[in-house]
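Student: So the chains spell out like this:
2 protein chains.
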Amino acid sequence: MTDQTVAAAFVPGHITGLFTVNQTADPATTGSRGAGFTLKDGVTVTVRPADERSVSLDGEATDIESVRRVLDALAIDAAVEIHTDLPIGTGFGLSGGMGLGTALAANEGFELGRTETELIQVAHSADVEAGTGLGDVVAQARGGIVLRLDPGAPPHGRLDGIPGTERVEFLTLGELSTPAVLTDNPETITRAGTRTLEKLQSDPTREQFIDTASEFSAEVGLATPRLQSILEDVEAAGGMASMAMLGETVFAFGHDLSEAGYDPTVSQIDPSGARVWE
Amino acid sequence: MTDQTVAAAFVPGHITGLFTVNQTADPATTGSRGAGFTLKDGVTVTVRPADERSVSLDGEATDIESVRRVLDALAIDAAVEIHTDLPIGTGFGLSGGMGLGTALAANEGFELGRTETELIQVAHSADVEAGTGLGDVVAQARGGIVLRLDPGAPPHGRLDGIPGTERVEFLTLGELSTPAVLTDNPETITRAGTRTLEKLQSDPTREQFIDTASEFSAEVGLATPRLQSILEDVEAAGGMASMAMLGETVFAFGHDLSEAGYDPTVSQIDPSGARVWE
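Going down the list, the protein sequences come from chains A and B. Heads up: the first sequence runs through residues 1 to 278, numbered per the numbering used here. Heads up: the second sequence runs through residues 1 to 278, numbered per the numbering used here.
Same shape as in the complex, but just chain A:
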């Protein structure tokens, strides 16, 4: 194959504010309803033709199941180099992003001739099967504040969006192991996610997004004590924050974290979605 060249893609990070769990027998229709937003920060994935498969993350050799599953699905071997400024495993949808970036870059460099829908399907199924995400990939492909009205990859998962960008502040305290409620009692999550998504759809604004995400977080009780303490500090300062689903990460729009006395990382909503590197 002489048509293989190096190619790269950018996929924005994605913070989920509220969600449901929708398991089916098919990874393409498995997923989640809910709402989240993409960030200007994210992952860049470079795919190079190589005789032997390899994956590196910020220069360190590693194995990432979502990436491996995407390479399997596309039936290619390649050297995959991933870089990110976001912290891993803390609620930024990076597993899904790495898979989607691999799919986009491989399609470009290996001239696979897949459409965007086909590549999103591959990356969504890889994320679901790896157990690392339910709704990140479809939101990352679209960009902005994304409402996931139906679960699953296109053409199953109908999406909408709340327009506009916004300054984002976040603080990451650490990873969060998959909470018992998610595996043992997903109906609790889904009940809260369904109710707050309906409330957000009745008033689809950025203010309502953060309000309903905060309600969802309180209702499902996933915040650790130190996350809870920050959320209360922000509220006491007249602001509003919530937690990233799922990581020990607090996020707010505007200056609500810094105005509560914290020193957050500053980013912005990315309205553009995943794209092949120009």
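Note that these hints are calculated values from the structure, not bench results. Some clues are possibly wrong.
Each pair may be met inside one copy or between any two copies, as identical chains are not told apart.
[To be verified] List of simulated lysine to any residue pairs, SDA-like, C-alpha gap at most 20 Å: (1) Lys199 with Thr117; (2) Lys40 with Thr62; (3) Lys199 with Asp211; (4) Lys199 with Trp277; (5) Lys199 with Ala28.
Here the structure of chain A is known, so what remains is to put chain B in place on it, guided by the hints.
Tutor: Frame of chain A, contents of chain B only:
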């Protein structure tokens, strides 16, 4: 109303390469199937609260039906300022873009609380009712090389995309009055559009896009003699070009127009789609 502020949006220009005509009794389901791509160049629309409605284009007062219809649909009066580097009326989907930009900016500045789908519906219907476009708005909202698999605004019009960006060259000779074939014999257009869209779907690549657009153009015979002469020059130089539907504009990817001895305007495919100005 104290919540009104000035806001702006960018909408990429959109060149249609091949299309069908799908008329229904409802503007939301009226539209076209086909394929086109968005440009880094486009329109910026600024919407300011004002007691009296006004619209200006590059500093000149004017009346633009798609914009007027969007303001009507959103029930607002505002001063709308539009700027563009692209030539008007020559196949860049600017009427639709001005309507969509007005909708996005008005939603932001007037805090209308509409979702992206709702704003795209408003702008698509305005473009259809003004008779200025059938498929530009939905493609401009998404960005990239957009395949319109079904006609109409969301949730009716299912879309897909061919990933990637590309250098674009174009030459604009002038406006093109609506050709007789479009009004008198739309079935001829739709037959050619259906066949070439199927061919593009069977090999969804940038190369196949320009090939099928060129086939569509030849089959429907809309090229003026001087457009035809440029298309032949590019082909003689080993390249491939086609015409924008509908304007007296020739476009090519890469350097195919300059390598045929022309001095084209240079742009690039915009993968991001319409967005509120940051």
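Student: Now look at each hint and say whether the structure bears it out.
Tutor: Outcome of the hint check:
no.: 1; hint: Lys199 with Thr117; in the structure: between (29 Å within a copy, 17 Å between copies)
no.: 2; hint: Lys40 with Thr62; in the structure: neither (25 Å within a copy, 37 Å between copies)
no.: 3; hint: Lys199 with Asp211; in the structure: within (10 Å within a copy, 48 Å between copies)
no.: 4; hint: Lys199 with Trp277; in the structure: neither (37 Å within a copy, 27 Å between copies)
no.: 5; hint: Lys199 with Ala28; in the structure: neither (27 Å within a copy, 26 Å between copies)
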